[in-house]
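Trainee: Residue numbers (this note's numbering), protein chains in the order written: chain A, 1 to 270; chain B, 1 to 427.
Just so you know, the hints here were simulated from the structure itself, not pulled from any lab data. Certain hints may be false.
Claimed, not checked - Distance condition first, Cα-Cα at most 27 Å in a straight line; then the derived BS3-like pairs of lysine-lysine: (1) B/Lys96 / B/Lys40; (2) B/Lys165 / A/Lys78; (3) A/Lys129 / A/Lys117; (4) A/Lys117 / A/Lys78; (5) B/Lys40 / B/Lys280; (6) B/Lys409 / B/Lys367; (7) A/Lys129 / A/Lys78; (8) A/Lys247 / B/Lys96; (9) B/Lys132 / B/Lys66; (10) A/Lys117 / B/Lys165; (11) B/Lys328 / B/Lys344; (12) A/Lys254 / A/Lys22; (13) A/Lys120 / B/Lys165; (14) A/Lys22 / A/Lys247; (15) B/Lys367 / B/Lys344; (16) A/Lys74 / B/Lys165; (17) A/Lys113 / A/Lys78; (18) B/Lys409 / A/Lys129; (19) B/Lys40 / B/Lys165; (20) A/Lys254 / B/Lys96; (21) A/Lys22 / B/Lys96; (22) B/Lys342 / B/Lys367; (23) A/Lys113 / B/Lys165; (24) A/Lys113 / A/Lys74; (25) A/Lys113 / A/Lys129; (26) B/Lys342 / B/Lys328; (27) A/Lys78 / A/Lys120; (28) B/Lys165 / A/Lys129.
What the hints assert, rightly or not - Just so you have them, the derived chain A footprint on chain B, three or more residues with Cβ under 8 Å: (29) 162-174; (30) 216-227.
Glycine included, C-beta positions come from ideal geometry on N, C-alpha and C.
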Amino acid sequence: MILQVDDPVVEVHDLTVSYDRKPVLWGVDLTLPAGSLVGVIGPNGAGKSTLIKAMMDLLPASSGYVRIFNEPLKQVRKRISYVPQRESVDWDFPASVFDVVLMGRYGNLGLFKRPRKADKDAAMQALEKVGMQGFADRQISQLSGGQQQRVFLARALAQNADIYFMDEPFAGVDIATETAIIELLRTMREQGKTVVVVHHDLQSASEYFDWVVLLNMRLVASGPTQQVMTQELLEHTYGGKLTVLSKVGDLLRKQEFPARETRRQNNVIL
Amino acid sequence: MSEFTEFFSFSDANVRYVTLGSVLLASSSAVVGCFTLLRKRALVGDAVAHAVLPGVCLAFILSGTKNPFILLLGAFITGWLSLVLIDYITSRSRIKEDTAIGLVLSVFFGIGILLLTAIQHSGNAAQSGLDKFLFGKAASLVGEDLVVFGAVAVLLLATTVLFYKELKLLCFDETFAKSIGFPVRTLELLLTTLTVFAVVVGIQAVGVVLMAAMLITPAAAARFWTERLGVMLVLAALIGAFSGISGAFVSYTAPSMPTGPWIVLIVSMIALLSFALAPKRGWISRLLRQRRNRTQILEENLLKLLYQLGEQEEDYFSNRSLETILTKRNIPRPQALTGLRKLKRQGYVQHQQNGWALTAEGEVRGKRVVRLHRLWELYLTQYLQLASDHVHEDAETIEHIITPELEHKLIEELNYPSLDPHQTRIP
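Please model the entire structure based on the sequences and the hints provided.
Mentor: This is the structure we're talking about:
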């Protein structure tokens with residue numbers, strides 16, 4: 001069940017992504033409605049993080065294209081915000097909580113420019129929104145997992161973007177942080193922002209999101225939560241490994257085959 | 001000693017230049033090294049340093065002069081080439097980065113030594129002094145050399161200041177940098193170029209073989225003292241500058257001494273001292289902390305014993321002999337005595353001819369430890385469903401580290417209990 005919407009904020013067309021020539025996502029075609037809380041759900045290795053990274057052009061696509069706000073990505077960078085996985089950085093970096101949140105303003109500042117007073121105000125406000133204003137001067141190496149996640153979230157908030165991509169923001173955080181985050185996401189939705197969240201817990205998924213994307217190396221379903229979170233579709237997503245598919249992928253890598261015979265002209269620009 | 005005053009009075013213009021040069025070289029490579037270190041590419045500096053040698057030799061062979069600008073250009077080209085090669089090998093083959101670094105380093109250095117030997121045996125009179133690139137010679141930093149190398153060093157410092165924000169983000173979170181549209185590839189290229197330049201100017205003072213130490217060691221030492229990147233850069237620069245001056249001094253007083261090894265020894269000493277002495281992260285402060293913990297545990301255990309004896313007899317303040325105290329718990333006698341004496345000095349116990357007694361303050365503190373012990377036992381049985389005979393050992397440790405806020409929270413979560421899992425009263 002793949003539902004397409006009119007006037008989408010995100011449009012993904014025939015997106016295939018490979019690591020070292022092995023495709024990990026095959027031909028994804030989807031559109032996301034504006035102002036929604038979207039959950040990207042699937043088993044381990046389903047390509048959830050890969051999908052959102054490819055959507056932001058952080059990974060090269062073997063085929064297909066992505067348009068956000070009906071524009072190529074380069075033109076809307078400033079309206080997009082990314083919250084990477086917490087473990088993707090070394091938290092033993094010499095920086096304070098405030099330093100990290102201030103990084104959210106770097107994109108708007110541009111090269112060479114130092115953060116202005118207004119940027120510092122924005123960073124402080126973002127910290128307040130996640131309830132971490134008391135930790136501004138704390139060293140990031142001293143934070144708990146939940147606090148690290150909040151800091152990353154504050155950094156994204158400081159960007160003042162219109163669409164947010166978050167990679168597993170609920171992974172390994174305490175219950176208080178999880179509640180705080182979901183509250184924050186709902187407020188953001190009310191302000192008309194779109195939030196795309198990679199999520200691994202089925203239980204809470206149907207409660208948290210109003211649009212769900214089911215993924216397992218290919219797109220299984222995309223649509224409103226009630227219509228997508230069905231027994232049948234979930235079994236389809238989680239049940240049965242796609243053994244042949246992943247074997248073909250391995251073959252492509254070993255034989256050094258391209259994922260597409262020729263790259264179409266329009267997929268490079270994005 | 002007279003040499004020392006002679007050198008550090010800077011009355012000799014030559015000494016001034018050499019010192020200035022060494023300070024600039026050492027501190028600029030230290031600053032760049034901070035970013036290399038934080039990007040976890042410390043070994044890359046080593047590869048570049050070794051790869052610079054064939055460039056220097058080739059530049060000399062082709063031009064026939066020791067013009068610093070030409071030598072620098074040659075060094076830059078091969079140094080840069082080695083990095084491109086490492087990247088290429090890592091991304092295009094199954095060879096991992098560490099292997100690629102080892103490979104590139106040895107091949108380039110091998111070629112360099114080959115060329116150097118060939119030059120030395122060619123009988124070219126102009127070649128004398130080229131071997132200083134192997135181990136460095138700060139004292140030869142005069143005239144034209146100083147101008148060229150000094151200018152590059154200043155340029156390096158200026159670039160890191162200009163790109164401070166960008167390099168910081170690149171080292172902390174590359175993917176995020178990419179997501180906000182930073183030209184990550186270009187910035188990487190910039191850092192690579194800075195690293196190569198830092199190495200190229202630094203080898204004049206330290207030499208090819210030990211250049212990696214100049215790049216990384218000041219940064220590693222500085223990291224121990226601070227949690228702020230800005231401070232770390234300044235500290236690394238200072239450490240670099242200090243070792244640069246000492247290198248120049250060695251070069252000046254003992255011309256036959258290899259400068260590089262001296263500088264590296266000095267900077268390594270600083271790193272070692274930082275490792276030992278730095279607050280919080282240092283080795284000694286960790287030892288002190290452990291020692292403090294041990295005495296705290298001993299003192300609190302003694303107060304707890306006295307309190308428990310008091311509980312048994314419902315009399316908290318009368319004297320107990322050391323033997324009575326030790327029957328409840330096996331603490332080595334001398335240790336117990338030292339602990340008790342210390343507690344007496346602190347005013348928690350009193351000593352009379354027939355034994356030791358709690359003071360009012362001692363009773364409060366002893367009571368708190370007993371309370372925490374029993375609260376923790378209760379918490380473990382209630383929240384972790386541990387059997388009541390399994391919880392004592394755990395509580396023995398936890399009772400010493402629970403903070404007043406945690407204690408408060410614990411009492412609240414356990415709903416103001418009065419009995420522990422062994423049905424003993426919680427005081």
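Trainee: Identify every previously stated hint that the structure contradicts and give their numbers, smallest first.
Mentor: Failing hints: none at all.
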